[in-house]
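Please build the complete structure, drawing on both the sequences and the hints.
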Amino acid sequence: MVRGVCGPSRGSRRGIWCDGTEVATMTTIGDHLYARSTHEELLTRATNGAFVTTAMWYLLSTKRVDAVLGVEHDRERNLTHTRFIDDPREISELAGTVVTAPLNIVQTLRKYAGSGRVALPVMPCEEKLLDVLIHKDELPVQLFRIGLVCGGLFSANDLGKEVKRLGKSLLDVERVIHGEGGYSVSFRGEEQVHEFPERKTVRPACERCVTPEPVTSHFSCGYWGTGSDRGRTYVTVNTAEAAELVDAMVRDRALVVEPVPDDARAMRKHLLDLKTDASWRYRRRQFETDLVETGEQINACPLCGECMKACPLRTDEYVQHLLEGVKSPAEWLAAFVLDLYDECAECGLCSEHCPITLPYDLVIEHQRELRKTLPR
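1 is the number of the first residue of the sequence shown in this note's numbering; add one for each residue after it.
Take these hints with a grain of salt, some might be off.
[Stated by the list, open to error] Pairs of lysine-lysine, DSBU-like flavour, derived with a Cα cap of 30 Å:
hint, residue 1, residue 2
1, Lys128, Lys111
2, Lys111, Lys63
3, Lys309, Lys168
4, Lys63, Lys327
[Said to hold, decoys possible] Simulated DEER-style distance windows between Cβ atoms:
hint, residue 1, residue 2, range
5, Tyr341, Thr28, 31 to 39 Å
6, Thr289, Ala335, 19 to 27 Å
7, Arg89, Glu296, 55 to 63 Å
8, Lys161, Asp342, 39 to 47 Å
9, Gly189, Asp316, 50 to 58 Å
10, Thr315, Arg117, 20 to 28 Å
11, Asp87, Lys136, 26 to 34 Å
12, Glu90, Glu195, 44 to 52 Å
13, Asp87, Arg284, 28 to 36 Å
14, Asp342, Thr239, 19 to 27 Å
To be clear, the hints were calculated from the coordinates, so they are not data collected in a lab. Glycine residues also receive a C-beta, built at the ideal position from the N, C-alpha and C atoms.
Dropping the structure here:
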């Protein structure tokens, strides 16, 4: 377990080399750390300790990866575009922007002309997509994934501000429920329900995502609003390679880390439980409304295939082959559901690209839930 702090000019009880003294490697799988970069340029441009950007810079600088995939933001035109970088001196151009890759990440990696290994930050939905393709051995490169916590139905930071305004602690929150025009919050031991303004999410699928934390990536990191993570990144170490990387970054004075206190870890777990519960409740309500409407709308399906073409797990050629011979909306829905039944990552792109917004991803999950109730 991590027991102290190591960093430039601060003294240390943690790390590999600190102030000229050799100590044991101490980071292990499951450790929770507060991390802060020592890279001044990245700290200036990035947020919350700049851990993600610094890790990508270090991986590239030490040749642990051959390239980094990130998103560059053109502030003048307010546009973002995916970019591969193989020169660590250019990493600073990614700092402080939309660091995570977009949901066309799979197609981007498939078109990558390089070889070897690529580092990239991923959201939980992207992690699910990549897990499927890694299992099927359908990616041209190896990946080092830095998982980013997703806001989902509510932001921990926004909720924390509202709760603090009421003189409460986040640990006092018993339940968060999404409703029309906002979300409601109830506190332990109180009957009163407080209504908070709605926080617009980037994509509809984000609101019903029940996995706000990446768990198969090397790291899981983000801002949890625990109070003591302001200006630093809350990092969870998920693999042995990630643990070794932290120690190497500390040794080379690229990173300052310290352990997360028990109360902050409890806060993070509570927020994770609140997010997951809120999303499950929201998703169940959608089943009751959207699935009924789907049954009424399915005959209006234009058989265009845009839903499947938007799926990051399928190629255009494959979709065209699947469309051949389909003569009715019911046939297409059956083909769609059966084809993706075991692989759907619930990213929601199919519904977003459907001309009549049929919630195909909900249909697939509904079938999965039904299967659990069938006798074996």
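So, going through the hints one by one against the coordinates:
Taken as a hint, the Lys128 and Lys111 pair is honoured in the structure, with Cα atoms around 20 Å apart against an allowance of 30 Å. Distance check on the hinted pair: Lys111 and Lys63 sit about 22 Å apart at the alpha-carbon level, within 30 Å; holds. Simply put, Lys309 and Lys168 have alpha-carbon atoms about 47 Å apart, too far for the 30 Å limit, and the pair is violated. Taken as a hint, the Lys63 and Lys327 pair is broken in the structure, with Cα atoms around 53 Å apart against an allowance of 30 Å.
The beta-carbon spacing between Tyr341 and Thr28, approximately 38 Å, falls within the hinted interval of 31 to 39 Å. For Thr289 and Ala335, the hinted distance range of 19 to 27 Å is satisfied, since their beta carbons lie about 25 Å from each other. A hinted range of 55 to 63 Å for the beta carbons of Arg89 and Glu296 is consistent with their spacing of about 57 Å. Remark: the range hint 39 to 47 Å for Lys161 to Asp342 is upheld by a beta-carbon distance near 41 Å.
A C-beta distance of roughly 56 Å is found between Gly189 and Asp316, which places it inside the suggested range of 50 to 58 Å. Our hint of 20 to 28 Å for Thr315 and Arg117 holds, since their Cβ atoms are close to 23 Å apart. Separation of Asp87 from Lys136 is about 32 Å and conforms to the stated range, judged on CB atoms against 26 to 34 Å. About 46 Å separates the C-beta atoms of Glu90 and Glu195, a value consistent with the hinted range of 44 to 52 Å.
Our hint of 28 to 36 Å for Asp87 and Arg284 is violated, since their Cβ atoms are close to 48 Å apart. Distance hint for Asp342 and Thr239: a CB-CB separation of about 25 Å, consistent with the stated range 19 to 27 Å.
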